[in-house]
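> Chains as they are written, first to last, in the numbering used here: chain G, 1 to 302; chain S, 1 to 302; chain H, 1 to 269; chain B, 1 to 269.
Watch out, some of these pointers could steer you wrong.
Said to hold, decoys possible - Just the calculated beta-carbon pair ranges, DEER-fashion:
no.: 1; chain 1: G; residue 1: 52; chain 2: B; residue 2: 266; range: 47 to 57 Å
no.: 2; chain 1: S; residue 1: 55; chain 2: H; residue 2: 139; range: 52 to 62 Å
no.: 3; chain 1: G; residue 1: 145; chain 2: S; residue 2: 52; range: 40 to 50 Å
To be verified - Which stretches of chain G does chain S cover? Using the computed rule of at least three CB atoms under 8 Å from a CB of chain S, they are:
no.: 4; stretch: 44 to 58
no.: 5; stretch: 185 to 196
Stated by the list, open to error - Okay, derived cross-link-like pairs now, DSS-like style, lysine-lysine, Cα gap no bigger than 25 Å in a straight line:
no.: 6; chain 1: H; residue 1: 10; chain 2: S; residue 2: 203
no.: 7; chain 1: H; residue 1: 207; chain 2: H; residue 2: 261
no.: 8; chain 1: G; residue 1: 282; chain 2: S; residue 2: 203
no.: 9; chain 1: H; residue 1: 28; chain 2: H; residue 2: 105
no.: 10; chain 1: S; residue 1: 50; chain 2: H; residue 2: 175
no.: 11; chain 1: B; residue 1: 28; chain 2: G; residue 2: 203
no.: 12; chain 1: S; residue 1: 234; chain 2: G; residue 2: 203
no.: 13; chain 1: G; residue 1: 282; chain 2: H; residue 2: 28
no.: 14; chain 1: B; residue 1: 17; chain 2: B; residue 2: 70
no.: 15; chain 1: B; residue 1: 17; chain 2: G; residue 2: 203
no.: 16; chain 1: H; residue 1: 238; chain 2: S; residue 2: 94
no.: 17; chain 1: G; residue 1: 90; chain 2: B; residue 2: 17
no.: 18; chain 1: S; residue 1: 282; chain 2: B; residue 2: 28
To be clear, the hints were calculated from the coordinates, so they are not data collected in a lab.
In this text, a Cβ means the ideal position worked out from N, Cα and C, and glycines have one as well.
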Amino acid sequence: MNLNIDVAGIKLEHPVMNASGILGSTYNDIAVLARAGFAAFVTKSFTREKREGYGTPIAVPISETLSLLNAVGLENPGLEGLAELLDSCKIFGKPIIVSIAGSSPEEFVEIAVVAEEHGATAVELNLSCPHVRGRGLEIGASPSAVREIVGIVSSSINIPVIVKLGLVDRLVEVASAALEAGARALTLINSVKAMKIDIYAAKPILGNRVGGLSGKAIHPIAVRAVYEVYRELKPDIIGVGGVFSWEDAIELIMAGARAVQIGTAIIYYGPEIVREIVEGMKRFLEQQGFRSIEEIVGYAVS
Amino acid sequence: MNLNIDVAGIKLEHPVMNASGILGSTYNDIAVLARAGFAAFVTKSFTREKREGYGTPIAVPISETLSLLNAVGLENPGLEGLAELLDSCKIFGKPIIVSIAGSSPEEFVEIAVVAEEHGATAVELNLSCPHVRGRGLEIGASPSAVREIVGIVSSSINIPVIVKLGLVDRLVEVASAALEAGARALTLINSVKAMKIDIYAAKPILGNRVGGLSGKAIHPIAVRAVYEVYRELKPDIIGVGGVFSWEDAIELIMAGARAVQIGTAIIYYGPEIVREIVEGMKRFLEQQGFRSIEEIVGYAVS
Amino acid sequence: MTSYAYVPAKLVKHVRKPNSPVAVLVYKALTTRFFPSLPGHFCMLWVPGYEAIPLSIAYQEGAHYYFIVKKRGPTTTKLVEDPPRYVGLIGPAGSPIPAPSSGGKILLLGGGVGIAPLIYFATTIASYVESVTLVYGVRSSNELVELDQIFNVNRFKNVELIIVVEEVCERAVFKGTLIDYITVKIGDRLEEYDRVYASGPQTFLCKLYEVFNRAGLLDRLVLVLETYVRCGLGFCGKCTIPGTSKLLCRDGPALSAQLLKNWFAKICV
Amino acid sequence: MTSYAYVPAKLVKHVRKPNSPVAVLVYKALTTRFFPSLPGHFCMLWVPGYEAIPLSIAYQEGAHYYFIVKKRGPTTTKLVEDPPRYVGLIGPAGSPIPAPSSGGKILLLGGGVGIAPLIYFATTIASYVESVTLVYGVRSSNELVELDQIFNVNRFKNVELIIVVEEVCERAVFKGTLIDYITVKIGDRLEEYDRVYASGPQTFLCKLYEVFNRAGLLDRLVLVLETYVRCGLGFCGKCTIPGTSKLLCRDGPALSAQLLKNWFAKICV
Ligand SMILES: Cc1cc2nc3c(=O)[nH]c(=O)nc-3n(C[C@H](O)[C@H](O)[C@H](O)COP(=O)(O)OP(=O)(O)OC[C@H]3O[C@@H](n4cnc5c(N)ncnc54)[C@H](O)[C@@H]3O)c2cc1C
Ligand SMILES: Cc1cc2nc3c(=O)[nH]c(=O)nc-3n(C[C@H](O)[C@H](O)[C@H](O)COP(=O)(O)OP(=O)(O)OC[C@H]3O[C@@H](n4cnc5c(N)ncnc54)[C@H](O)[C@@H]3O)c2cc1C
Ligand SMILES: Cc1cc2nc3c(=O)[nH]c(=O)nc-3n(C[C@H](O)[C@H](O)[C@H](O)COP(=O)(O)O)c2cc1C
Ligand SMILES: Cc1cc2nc3c(=O)[nH]c(=O)nc-3n(C[C@H](O)[C@H](O)[C@H](O)COP(=O)(O)O)c2cc1C
Ligand code: FES
Ligand code: FES
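This is chain G alone, in the form it adopts within the complex:
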């Protein structure tokens, strides 16, 4: 039994990749992911200019719900760093997806073009960062803004364009706009805007005060988002949000995802968790008499 699957035309040996923002900034990060056995790598979201990110703490664990609050501030080495990263990571011989967080259609295009030139397998447009003004959720909430950005990026490069969306009021509409404009797949969902206050210090803990909630807490929200978009539009979907176990991964796939990404679980359990998840999925498929991942994509949707 193999777990081969393709998403957005990308062939994967199994459906599990890392989520953007978790170990996708440096050559060493990718090396760690490669050693652990991820099927593809997603980079941290890149901007044109280098960004320093917010003051610390940039992440606060919320252990009671196996969750995390983060506000890194899209720290990244900018275009130059991207080229270098891609060049150095070719040796891993696995798909590499470049996440992009632009503040204008032009910035998205510029980065996408560099990504393609330097051998990226695909780009993932982050239209859903919950805590960086002008680079994220505002864009992803508006069908017209999404259409514009996805349209121009899709017509500027030949590698697949994946669009990452978050929790927005008109999710299906936005998803539909992205697909019409040329997106080959959707990644659902990003972290959810949230905050934690230390009641003794009487202050929000994150350097940026507000951040994104990820991890187990948002898993049922992610399942719903994937289900709803799959039911209405049947696109290729990469599910992300609170995958901590193979059961969680199967759940997202049965809701309509063809692949999954894991973020917070890497933080809590280490990158090696990918093996357990992949092995568990394999066992499940065998035991239940399925012959491929493909067979269970959207299996629970009616």
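Start from chain G and add chains S, H and B with the ligands according to the hints.
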């Protein structure tokens, strides 16, 4: 040290009430809440006509995150039942807030008028139910719809109008519309649209498939919502979402809430949890040298 | 402190006599985070494609949950005739049956599938009470569940199983209803039992209440009740036990008969 | 399996000599869900209004976390001079210092606040190794933390504390640097120690690596490193240990010197 506080002009002996939908349907429900020691009671959301609600299961525990997924379907005995409930619950001598889930401005008004006639202390307009079409989140996502409903209800009754909102893209805008139209306070937040699939049965578990996620998982989302609305508008706020401990309650109050509601914690720990929460808050205020709840409302907001 | 969970489970045993309206089902949890239960606990058993219904846990051994189900409507019919390979269990619902504080002679009266919680209860208290008399009454022999074979209740020396059937039946020790049994076989000797627990149809529980009330022994009687249960989690208010301010799915289903005066007045009279 | 937590904590002790750049701080968790640590673990200590910085846990006793802090920039200056009543701890970060598998003679070399993790380590291994020689080197006497008084390291008979100060100081057993001490006092007898652990300034660790490399004893040496730490949770990639593919906040801060060949080439040469 007492924990007196007022919200929307309602005097409370302490800031903890039940959340709508948890034990607010029958006389006996209210009796249970009264015995446990809640400062005020919020009814289940009422509609004009009696509603049967969805097929079972109407709720699925998600124990790993101390959370719950529910889709009750706004089951309630309708206007007639409301009158009876209010009449019988006068003997408890505590504020009773009637939650209303209409599908038109007229329905909201009609129920609010009956509520006032039968002695309700206030009404809470549920503009945020995540899983009943036409009665909830679609309304609460639109500033103009909110303005219309809140305006007409406010001008039809004399008791305070509280508006309950959920996770929407333009939360501050919607909140502002509600306040301009006459809302005396805002309740933030409702449960968040979500789903759980049983991977063996390969089906969503809830009778209605999609439901609302409540409990610990959404607490940081609620804190953020309260903080953001308080920072921008400084209204009276009732905070709700994942309050399981006195620390959680203080956190929402420091984010800007004047009172809190508890829902899922009643399910996991029983109604008696209210005492522990109230005692803990009292101890905290004393130890930290505060003299009233009032002093810490919005204390972490800057 | 309850800690509810949702447990996916797999059918591992289905015992049903030909055409019987009753079946025994054993479901095994498919997660290591299954919930533990005590006698009296029930759960909401979700039948995919149907509904979730309240069912007493008739026994639990590790990840294995035992149920005795009788056909009533669509969901129970499905369960009895063609139990699904996979179900979901939501629980533990309710409170444990209040156990006898010390030794003594215990009488358990189970009518029909009402026997379910009493089986679990019998096996739990057997170790520290003097004796357990488990009287199991059914209308006809094809409803009879072989408690010895399936639950191994005869592994306890101090548990006596007495089968009472209304029709003629060779397995039965007594022909008649449970009330008949008590009148005829126990009669004045009711007092010999330190605690009596009963579970079964409402009419049976009503009659029993009357018997114990007349005998002035209500303080020894515990009744396992049924109400309509919707959420099973204590929030919807549907399961209020008439005449009390108790929620069956939180405070019940077993209540001391002493608390049931108003219930009796409302329901039985 | 790490289980990270955020722990609000309250200052319960602040020890600082007049004008010393170093202070000992003890913070007590304000929640019962505080995280346990092992020697080598550090945490991100959040100073409200400032930043969160990595600090070694110098000792933990139940809910009490001990730190030794030296002024460097704004956050450490605040901590040393006017430690906040309330802080937040995020941890446990990193991996425990690999403990010696069996008994034997253990040498611990701590330079400046680098002594922090070694104190905790010494008290943990004392019970099962033959002897622990804890050599604590500082530049000047006002940086000296009274390990005996605060950490009670002298409660172990087999732990010998040796104080080494560069300036003249009456508390010191030896005047000079830690490297001087090794050269002069240990010299050829390095081999007598079964395991050597060192923590302190990078230049010191570099020199020590050289010494052990020359002596062919790299397999006995463990170095506790420092890198820039940003998230402390293993996701940002900032803390990569140069010349290795290790993340300090997950795999470090203690690494066997055998793995540090490329680190040495990159950093020390
Ligand atoms: C605490 C408790 C424990 C129970 N334990 C068992 C058991 O161990 N074995 C067993 O066979 N049955 C048990 N029952 C009864 C069982 O729940 C009902 O037979 C079942 O819900 C009927 O569902 P249905 O879809 O087959 O029939 P429906 O057509 O839905 O209903 C048939 C009849 O069953 C009753 N009923 C329906 N739904 C419910 C409900 N949610 N709660 C209570 N009664 C209902 C009503 O009287 C109804 O008229 C228990 C009930 C309760 C409350
Ligand atoms: C694993 C680890 C354990 C440590 N344990 C201790 C300890 O027990 N006691 C102690 O006094 N110090 C310890 N440090 C060093 C301490 O973290 C820095 O002194 C502190 O971060 C400086 O912060 P600042 O705001 O005072 O100074 P800044 O002005 O921010 O920086 C001053 C200098 O400190 C270093 N530095 C700054 N930030 C960091 C950072 N996030 N990570 C690493 N180095 C940094 C840089 O070299 C910088 O130039 C440890 C560092 C690490 C990585
Ligand atoms: C620390 C951290 C940093 C993140 N940075 C990014 C980012 O740069 N771009 C992005 O699209 N998503 C980012 N995310 C969101 C994740 O990719 C993912 O959508 C989210 O965390 C939900 O998945 P999880 O629950 O498995 O963590 C980040 C998440 C975390 C926890
Ligand atoms: C079972 C259940 C039923 C609910 N029904 C309603 C309702 O009728 N009206 C409403 O405004 N909110 C309803 N809610 C939402 C709660 O009032 C509350 O906003 C939400 O559960 C978050 O609070 P919690 O985390 O403390 O449960 C319901 C929640 C639950 C769990
Ligand atoms: S069934 Fe008991 S409260 Fe809902
Ligand atoms: S500091 Fe180690 S990965 Fe971020």
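> Indicate, hint by hint, whether the structure satisfies it.
Cross-check of the supplied hints:
1. 52(G) with 266(B): 47 to 57 Å: violated (24 Å)
2. 55(S) with 139(H): 52 to 62 Å: Since residue 55(S) and residue 139(H) have Cβ atoms about 30 Å apart, the given range 52 to 62 Å is violated.
3. 145(G) with 52(S): 40 to 50 Å: holds (42 Å)
4. 44 to 58: violated (count 0)
5. 185 to 196: holds (count 5)
6. 10(H) with 203(S): Within the cut-off at roughly 15 Å; holds.
7. 207(H) with 261(H): With a Cα-Cα distance of about 13 Å, the restraint between residue 207(H) and residue 261(H) holds, given a limit of 25 Å.
8. 282(G) with 203(S): holds (20 Å)
9. 28(H) with 105(H): Not OK: residue 28(H) and residue 105(H) at ~34 Å, beyond 25 Å, violated.
10. 50(S) with 175(H): Measuring from Cα to Cα gives roughly 47 Å; hence the hint is violated.
11. 28(B) with 203(G): At roughly 19 Å apart (the allowed maximum being 25 Å), residue 203(G) and residue 28(B) satisfy the hint.
12. 234(S) with 203(G): holds (17 Å)
13. 282(G) with 28(H): Within the cut-off at roughly 21 Å; holds.
14. 17(B) with 70(B): holds (12 Å)
15. 17(B) with 203(G): Violated. Residue 17(B) to residue 203(G) sits at ~31 Å, over the 25 Å cutoff.
16. 238(H) with 94(S): At roughly 23 Å apart (the allowed maximum being 25 Å), residue 94(S) and residue 238(H) satisfy the hint.
17. 90(G) with 17(B): violated (55 Å)
18. 282(S) with 28(B): holds (21 Å)
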